[in-house]
Every structure is written in structure tokens, then in C-alpha cells.
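Chains A and B, in that order, give the protein sequences. So in the working numbering, spot 79 of the first sequence is number 1448, and the numbers just go up one at a time. So in the working numbering, spot 94 of the second sequence is number 148, and the numbers just go up one at a time.
Everything labelled a hint here was simulated from the structure, so no lab data went into it. Even glycine gets a Cβ: it sits at the ideal position worked out from N, Cα and C. Mixed in with the good hints there might be a few duds.
[What the hints assert, rightly or not] One side only, chain B facing chain A, incomplete, derived with CB under 10 Å: (1) V98; (2) A101; (3) W141; (4) S170; (5) T171; (6) D193; (7) G201; (8) S203; (9) G204; (10) L233; (11) K236; (12) E239; (13) E241.
Read off the chains here:
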Amino acid sequence: MSRFVTLLLLALGLVAAVPALAQQEQSTAPYAYRQLDDPAEEEKAQALMETLRCLQCQGQSIADSDAPIAGSMRSLVRERIAAGEQPEAIRGWLIERYGDYVSYAPRITSLTWPLFAVPAVLVLLAFLLLRRRFTGKSGQGEEA
Amino acid sequence: MSGKKNPEATSRPSAWVIWLPLALFLGFVALVLIGLLRPADRNVASALVGKPMPQFDLPPALPGRPGLDSKVLTNGKPHLVNIFASWCVPCRIEAPQLGALARAGIPVEGISVRDSTENLQNFLSENGDPYQRIGADDDGKVQLALGSSGVPETYVVDGKGTIVYQHIGEIRPEHIGLLLDKLKEAEK
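Excised from the complex, chain A in its bound form (with noise of 0.2 Å):
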């Protein structure tokens, strides 16, 4: 009987040692599963986090990411928030590696500049010829 019950408690064990197992590769960075103590500063990490991109699956942001690099990028980040550093000061050095693609927060380039610019343009031209259209044809009978 008690032989039966030594089986039972290694069995357990053995379950219970599993996820620790597997968990051990996942990363050692020390703030990847960890919050930050002080709730402003971690607030400010998480922003930041939801705003950088996974580099492995690369629909994600690292707060959302289970990847391993992920957990690195999010421990890089609350360290250097941790340390007094600005959220866009340590998205510039993400963007200096890891260029533009990087972040999800768009930034007015010399490249991308027309992205911002064409829909603006394009509503001003609509408005343009709508008011021509609605004008021009009777001069003033313009109200409904």
C-alpha cells in the first residue's frame, strides 16, 4: 500500500515537473513574464510594448507574443524604462537595428510622407469637384 502511494506522489511529481521543463527555454531575460513594481512605469512599458512588433511572428506585438525574442524585447524594455529611459528613445534604438519595420507607430518620412499626404489631398480635391457640381449648376439654388 504504501509502495502504491510512493508511485502516486512520483507520478504527480513527474506531471507537475513538466511545465517547469518546458518553460526553461522559453527565456531567462528577467522581465519577460515579469511586471515592473511600479505601476506608472510598467503602464508605460506596456504602451510600448503593444506598439513593437515580434520580429518572429511578425503579426504580433511583443505583448502579445509568446516567442522567445519576444520575452528578450520585452524584458529590454522594462529594464530600460525601470532605468529612466523614454519609451521613444528606446523605440529609436529598436528602429536602429531593426529598421522601420520594427515599430507599429508610423513615422513621417521622406518615404512615407505621401502615405499622410494623398488623403488629404484626395479630400480636398473631392470637396473641390462636389462643390462645383452642387454649384455650378443653377447658381443658387443650392439649399435642399
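Got chain A; can you put chain B on it based on the hints?
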């Protein structure tokens, strides 16, 4: 409302304008097809190629093997810096190629990412060990500092410590020639 006006006399769009929407639509279809048939390259290349290697000093990953200090990379000779891990399957595929490069006299330096000593030892005894030095990058910080987005990746660094080339993914036999060319370029 304009029914009483003569439609012929006002503005009839000229012949080519009629085809414009169709042409736009076909252009759009062509764009979609290109995107479908030739998916974009999803590798994120390091923006540091052509720039100096960031400074770092990694502790040894194995007892009896030096760690990797970036100062070693400025000793006047070109190096290969290989980012790898025992848990990475493609790293096993590239091991023979790295071994061949090391036998050809090229200094191969290793950065082992998020790994344990025991797993690393097993990996090296199974797949061969081309590394002069292996630095342990346990939290992945140096990997991020180098702009590396995965394992394996291999950087060609010239004698002054400038990154001249980044190889993303495993080194297959057909890549050795290219790497040797880049190393030769780096020697100049």
C-alpha cells in the same frame, strides 16, 4: 434634373475615360496576383550592416572556453560571428558548413542565445564544435543589440570590427562560396 438638356451636347466622356475604371481594376488584380504568387521576404535584416559592431562582453557559455568580447573582433582579422542555440533545429543543419569554414582557417565566434550549459554541451558533441569562443547571451540582449531577429544568423565582421554582411538562416553548402567571398572582401 438635367434631363431636358441635350446629353450629346454637354459632357460625354471621351473614349479612353470609359476604359479607365477597367484598367484600374485590372491593375489592382495584377497587384494582388503579384502579392499572392511572390510573397514578400519576411526576413528582417539588421540595419547595422556597414556599421561597427556594437560593444558587448559576453561571459563564457562553457567552462574552459573563453566568452566573447567584441574587442576580439577588432584584431585586424575578419571573423564570422554565429548566433545559435541548442534548441534551434536549423542550427544543426548548418553545423557541417560552419565546421568546414573553421577548418579552412576562418575564426568562427559563437553567441549562444537563451541556452543552458548542459544543452549546449550536448549540441556541440552531437553536431561538432567550430567555435573559438562562445559567449552566453542568456537574456538575448546582445542578439537584440546586433539587430538579429532569429537563430541562426551569421555576421561577417572585418578586421576593424565593421559588420560587412549578415546571413539570415542556416548556412547551406551553396552559401559557403558567398561567405568566403564576403570574408575575402572584408580582408581588404
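Each hint, compared with the structure:
1. V98: holds (5 Å)
2. A101: Where the cut-off is 10 Å and the nearest Cβ of chain A is about 5 Å from A101/B, the hint holds.
3. W141: holds (5 Å)
4. S170: holds (7 Å)
5. T171: This interface hint is violated because 12 Å lies over the 10 Å limit.
6. D193: holds (4 Å)
7. G201: Since chain A brings a Cβ to about 3 Å from G201/B, closer than 10 Å, the hint holds.
8. S203: Status holds, d = 4 Å.
9. G204: holds (6 Å)
10. L233: violated (22 Å)
11. K236: violated (20 Å)
12. E239: With a minimum Cβ separation of about 23 Å from chain A (threshold 10 Å), the hint on E239/B is violated.
13. E241: E241/B check fails; min Cβ-Cβ to chain A is 26 Å, beyond 10 Å.
Checked against the numbered hints given earlier, this structure breaks hints 5, 10, 11, 12, 13; the rest are met.
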